[in-house]
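Line by line, the protein sequences are chains A, B, C and D.
Position 134 of the first sequence, counted from 1, bears residue number 134 in the working numbering, the numbering being contiguous throughout.
All you need for the working numbering is the position in the second sequence, starting with 1, plus 1000.
All you need for the working numbering is the position in the third sequence, starting with 1, plus 2000.
All you need for the working numbering is the position in the fourth sequence, starting with 1, plus 3000.
Because the hints were derived from the structure by calculation, they are not lab data.
Be aware that one or more of the hints could be misleading.
Quick list of in silico lysine-lysine cross-link-like pairs, DSSO-like style, CA-CA up to 30 Å [said to hold, decoys possible]:
(1) A:K339 x B:K1065
(2) B:K1094 x C:K2335
(3) C:K2335 x D:K3401
(4) A:K300 x B:K1234
(5) C:K2094 x B:K1150
(6) D:K3408 x C:K2339
(7) B:K1425 x A:K369
(8) D:K3425 x C:K2339
(9) A:K212 x B:K1307
(10) C:K2082 x B:K1065
Keep in mind it's a predicted model, so treat the numbers as computed, not measured.
Number of protein chains: 4
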Amino acid sequence: MCGVVGIYCKDENLTAHLTFYSLFSLQHRGQESAGIAVFGDDIKIVKGMGLVNDVFDQETLRTLKGKIAVGHVRYSTTGGSKIENAQPFVVRTKSGVITIAHNGNLVNYLALREELEKLGSVFVSESDTEVIAQLLAKLLLSHDIEDALKLLCKRLRGSYTLIISIDDTLIAFRDPLGFKPLCFGKADFGYVFASESCAIDAVNAKLIRDVKPGEAIIVENGEIKSVFIEKSKKKAICVFEYIYFARPDSVIDGRSVYEVRNSIGKILAEESPVEADIVSPVPDSGTTSAIGFAEASGIKYLEALIKNRYVGRTFIMPSQGLREFSVRIKMNTVKGNVKGKRVVLIDDSIVRGTTSRKIVDMVRDAGAKEVHFRVGSPPIISPCYFGIDMQTREELIASRKTVEEIRKEINADSLAYLSLDGLLKAVKIKKEDLCLACLTGNYPIDVDSAYGCR
Amino acid sequence: MCGVVGIYCKDENLTAHLTFYSLFSLQHRGQESAGIAVFGDDIKIVKGMGLVNDVFDQETLRTLKGKIAVGHVRYSTTGGSKIENAQPFVVRTKSGVITIAHNGNLVNYLALREELEKLGSVFVSESDTEVIAQLLAKLLLSHDIEDALKLLCKRLRGSYTLIISIDDTLIAFRDPLGFKPLCFGKADFGYVFASESCAIDAVNAKLIRDVKPGEAIIVENGEIKSVFIEKSKKKAICVFEYIYFARPDSVIDGRSVYEVRNSIGKILAEESPVEADIVSPVPDSGTTSAIGFAEASGIKYLEALIKNRYVGRTFIMPSQGLREFSVRIKMNTVKGNVKGKRVVLIDDSIVRGTTSRKIVDMVRDAGAKEVHFRVGSPPIISPCYFGIDMQTREELIASRKTVEEIRKEINADSLAYLSLDGLLKAVKIKKEDLCLACLTGNYPIDVDSAYGCR
Amino acid sequence: MCGVVGIYCKDENLTAHLTFYSLFSLQHRGQESAGIAVFGDDIKIVKGMGLVNDVFDQETLRTLKGKIAVGHVRYSTTGGSKIENAQPFVVRTKSGVITIAHNGNLVNYLALREELEKLGSVFVSESDTEVIAQLLAKLLLSHDIEDALKLLCKRLRGSYTLIISIDDTLIAFRDPLGFKPLCFGKADFGYVFASESCAIDAVNAKLIRDVKPGEAIIVENGEIKSVFIEKSKKKAICVFEYIYFARPDSVIDGRSVYEVRNSIGKILAEESPVEADIVSPVPDSGTTSAIGFAEASGIKYLEALIKNRYVGRTFIMPSQGLREFSVRIKMNTVKGNVKGKRVVLIDDSIVRGTTSRKIVDMVRDAGAKEVHFRVGSPPIISPCYFGIDMQTREELIASRKTVEEIRKEINADSLAYLSLDGLLKAVKIKKEDLCLACLTGNYPIDVDSAYGCR
Amino acid sequence: MCGVVGIYCKDENLTAHLTFYSLFSLQHRGQESAGIAVFGDDIKIVKGMGLVNDVFDQETLRTLKGKIAVGHVRYSTTGGSKIENAQPFVVRTKSGVITIAHNGNLVNYLALREELEKLGSVFVSESDTEVIAQLLAKLLLSHDIEDALKLLCKRLRGSYTLIISIDDTLIAFRDPLGFKPLCFGKADFGYVFASESCAIDAVNAKLIRDVKPGEAIIVENGEIKSVFIEKSKKKAICVFEYIYFARPDSVIDGRSVYEVRNSIGKILAEESPVEADIVSPVPDSGTTSAIGFAEASGIKYLEALIKNRYVGRTFIMPSQGLREFSVRIKMNTVKGNVKGKRVVLIDDSIVRGTTSRKIVDMVRDAGAKEVHFRVGSPPIISPCYFGIDMQTREELIASRKTVEEIRKEINADSLAYLSLDGLLKAVKIKKEDLCLACLTGNYPIDVDSAYGCR
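All chains should be built: construct the whole structure from the sequences, respecting the hints.
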């Protein structure tokens, strides 16, 4: 649950600025820390806790001169929100300065680290990115970049979309199963690689294509070269990017996120119709699907809930005696739209269920006659080990309860989830090319020695 | 263009927290500065530049103990963004500590200030609120609160929605023409007054009614009393609150803002129909009208543009060489939704026209076949002197150009504004009770000695 | 207990910088807040809590353009450390923008404020400076500057050294009794007024003379004019400036502070001789007197104590279990200098006695055979109402205890204070021209309606 | 030019606080960054740029729970003032968490780093401390702590006083030549190791002795053990600690710094007598020697210069047009003490000579008849490669000029340096046990492959 950017820009004064705008458009992928490393004469790096816009200002960006940039926004899971774990991770090695920005999660992280420690390696962070950096440094001692990546690939298990710079060589690399997205764009200024196409748009570049699973695109002296590091017959494209995580204006692996979510809404309307007066999203994540649901069902689209757009990460939580306000602070009902109405609420997913309950109650308080809940994904029953910060199995309400039990718990008149088939129809990617682990429990790679997200 | 809150809460430990949540829900009314003054044993005040959430934290709120609170968020016009001008404005007087939060603008501010200066008064700020405070202090020397307000009212010309505390007496007062809104709510904890009903909802209070033009509601020792300070036959309720400024989940002077905007969209569709494939809002302000337009026209509702929800006030503007990005940073097109399509874009208003042009161009770049622009208000032709920060007449594109000229300038295939009649139909308030000055040039009070917004 | 600076500088780009350096050299007079107001086209003011060097940077100073500057550093007594009370105090009036920096304390502050409040005046701060500003503004309505100052003078009771600017007129004014110092310097760039001559030296100006008690020096269009506002036969020059408060490199009212303190040490040695091996200051305040004591007594000067020069205002106080460290953090003994020795410690004064006890104990712990304490002032028995932040009478150890009792309490082998006659011999100013109230209890003006320092 | 602290404290809640007070008393050894790492259940580390008091507060210290602490203050030479280089340096290894605080400089740093890089090691900082950490980690794979230190010692060339923790084992280690000091103290709470004895005093511990060159003192489970890692016949104790760097209240390798400096003054008076009226230190560094000079010469001790005690590291330097003020801001003359007098100024050393010139000029401006300069050390002619941040040879005025040429350049009437013999007499340590490289050019270890200080 991170965003990565790699930029090659001919004008060394613009590189950091472009990286900033790209990262800014990926802010939804991580709000914990942000960093940009630029290679000019030497590496210069600025990292900090907080939003892209908090960490950087014009002054700082101006000091980051060079043609090659690696950027990162990070979402940290519990415990790890330390500046030490912020990325990009930069190390000085025999082969040059290596900079890495990583989106994903290695399931054999601890095993690899222990192996390196036995050889005397030391670690300054608790991130799997440092393991990748040390492995790569060792491999580059006796191998060229391509071979080093091939050997690296054999050692890493898990998801790893990487932007790497080795001195002034820029590499965009996606693991063979292609868990997390990576887009490739071109502009007059040069090249841009980023987690989502919206970050290509942000710098007014043209989306060329996605970096393919197992492919590395290498930029050297302004020339690009594509190398297949490892081919895998199956893929494991993260379906959750389409359901929730990516921005709706992004196109990932050839599929428009907006279109997928819109189709989800339509299919949901077909699969689980309901008599109602209005269809409303739970803002913001349910919006696109709600529009599709309204169109397919013919029920009027009208917003039951308005989100306070100033809600951010660091909001002061209600103190003792005001706890009931926790959802109310974030959104409010439009009473006129729900009073005496039968309301269908569309959300992208239900994780723990507590927020859904509060929302349903709020809509009822506003006078709704009935509240029907429709969810744009099948029930989430298994934790993710590949980079999405989901709860442990116990916290996933759908792993413990039936749909009917959940309906009762969230106090809805009816509740329906999208079917897996419905989801596949909307995504239009072959089932065997998707990672559906959180919905099915079938992990595309062995995770029995796995550790939680990092 | 400010937001005000007044709270009487029996539990002196909750007052500041409740005020914080109310103010937070009014953040859209002003992001320049925020302040809360609480009267307990003495007055305690915390003010700062920036967002409510930046100025306050739990620690700070805990120090603000007392039953009476006055809160303010401020939007400053050019030049005035200094901490000296932040509100609430607090003064110590013979009659007690007077705290004032003001939404509005006095057109006779300079005349009043000069008059007071001639008597030897000194001023520490450049705000009209200080003039009100000094006048009130003088009047309270020889009059009780009601009489003082009556006499004050005779002196003030312009718009003034005021939350005042005089030691532990709380007063919510709205000028006789009722330019700016003021709502009154009740809860177990006590009473709340706020610029919009969403701030009543925010603290889980019940909206009782609006404070009426010319009415003062006074809270003393937990008892409330309504007093009519001055009655005016006509009113001048700001129509722009409905068009743009207020939150859609608010109900102002009995009219749901959402319903008004939704009707605007419907009437616009009837008045200025167009053959098209999709209707899309310019986010976020055009959303509610676009939903109405889609419903009335039967054209599919689909988002052409997605806004980056992390865009805030202090964003780093593109540096030289990247100026073209200024709109691109804020929003992006959903290419799949517009490619080859005839698109209707709905916005609430056009002020200078430069942003509209960039948006139309962006949608065309994304492949739209046609771009039609529909505006949810009549052309803005005159500046506002009553508190909405509009441009000078020269900057208002509609004061210089015909609709056809504007269409060309923003590069749209067609352009239509809502008619004044259409607007009145949507708002459902009598024409003579509205201030339509910005749309008609007819000011409800004489402004020839007026000064710009403050 | 404040420092004031007024500068007229022909080069409007240098004015604020010069004021900064002057203020910086007066930092010992107040570390609570700092402020500079510069009058160019309009007034520009920057104030902040903390040290001069924390509040200002090059960037900020550059924005303060103009020929006239008023600067202030403030030491606040209990309760009043709020930004609202920071100076200079700026008000807009009929007669122009009035800026005031004040060193001193009005004893009739509350009476004056109540009088003004009865006329409807309002107050935004709790400082007596605001009262002075409002009185002056009223007087300027119908009087020229000189007459206004004369009338102002008749109303103010207490100490008030003022730097005032009225638009581009600069005034340096000292109350008729001349409690607090005010120096006048000249340089190529223009004129400088400051609390102490070290601030004249700081900007490489030449000390011309002191502003005399009751004198106002007015700078208008680069021309200076001296006016006697009120003549008083007696004066009340604060003796504590010489004893403790002023910097040793300053010359105040014609007397070198260094020379006074050095003489104090010599006279102390004559008045209260002692057989000992070394004389040491309690750093830093006892240094100059200790040098004089050593010279007169013939006892070797050697430092028993070394101060940690990084100790500042905001030091983290020892937590529970480490309280004993409070003095140890600030200074340490030089064991080799005291072991087995008879040590004379020289300090400038004893207020509460608790620190003296800890110091004597520390020197004993380091192995001193005997510890003799000599104090460079007579016992402090009465509180100050004119601007020095002394304790209430109960806290002044010398108001409750005999010298012998104090000796026991601080655990010294002998203790002697300087006699009042000795002090007068050292200061070389006529007794009737000095304020000796803290040492004698005889106040130069009536203080029975007085309020604590402000 | 750094300060190190290691503490074992039985009460895990006090450890960080004690370390803070120790570090605070070593602040003069480094103002660039400060850090404390505490080992409890796991390592916790807080590092930051700036002063000890800026980096830590009570809140932060409270979070650092554990019995073992390693602290560091750092003075960085040009280029290296980055947070990445702040210490202590913490790494996770197979043998546990290793924390290192280092005072000194490795002359074979780059060679060692290159050697490690060839084995695939990566480096995140540019500090030699990271090299030590990686070497130690490798050695600990197959050796116990003592053997690992012995082997480490064979690889490191240069100066290295180290505080190391390996999980909950604390090690204080001093290189075989003993360049930089390291003291050992004991208290009820446990043990403390620190660069100077003033840091032992600061926590009210008793100075037991110095850690000897080549000795490691290991604290495990509260038990201490002394191990000789390597014995060297000769030593190379840094003489500059006595001349300038250490605090006068410290005792280093059995010699009181105060006594050494006082003797320096006396010997200087004997070696280079002068007829004069007053002896004054250049504050603060010349004070102790000036006291000795005055005693031996019989010339009156009187301060010609007063230092502004608020001068800190981050002072705003005078802008264009005010450059002449650079010394004036830091100190001022006491005119009465120098006017018409023959003045002897005592400073500890002269490096580039530019400041000395400004001081002499300032004293002359204040009216001195003659200004004689006496320096408490022989001329500095060679750069230091062992941790003192001296200039390159070209910048050292004494490496280019004769004493007479320097006298002219600093505009003194006479100039004399202490002789090397005089210095040795004052220090009372055998010549062969001292590092005198900066004064003689004879380096105790080969530095021809050396790199500048780090």
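Hint by hint, here is what the structure shows:
1. A:K339 x B:K1065: violated, 37 Å
2. B:K1094 x C:K2335: Outside the cut-off at roughly 62 Å; violated.
3. C:K2335 x D:K3401: violated, 40 Å
4. A:K300 x B:K1234: violated, 38 Å
5. C:K2094 x B:K1150: holds, 27 Å
6. D:K3408 x C:K2339: At roughly 43 Å apart (the allowed maximum being 30 Å), K2339 of chain C and K3408 of chain D break the hint.
7. B:K1425 x A:K369: holds, 29 Å
8. D:K3425 x C:K2339: Satisfied, since the Cα-Cα distance of roughly 22 Å is no more than 30 Å.
9. A:K212 x B:K1307: Holds. K212 of chain A to K1307 of chain B sits at ~28 Å (cutoff 30 Å).
10. C:K2082 x B:K1065: Distance of about 18 Å is within 30 Å: holds.
In the structure shown, a violation is registered for the earlier hints numbered 1, 2, 3, 4 and 6, in ascending order.
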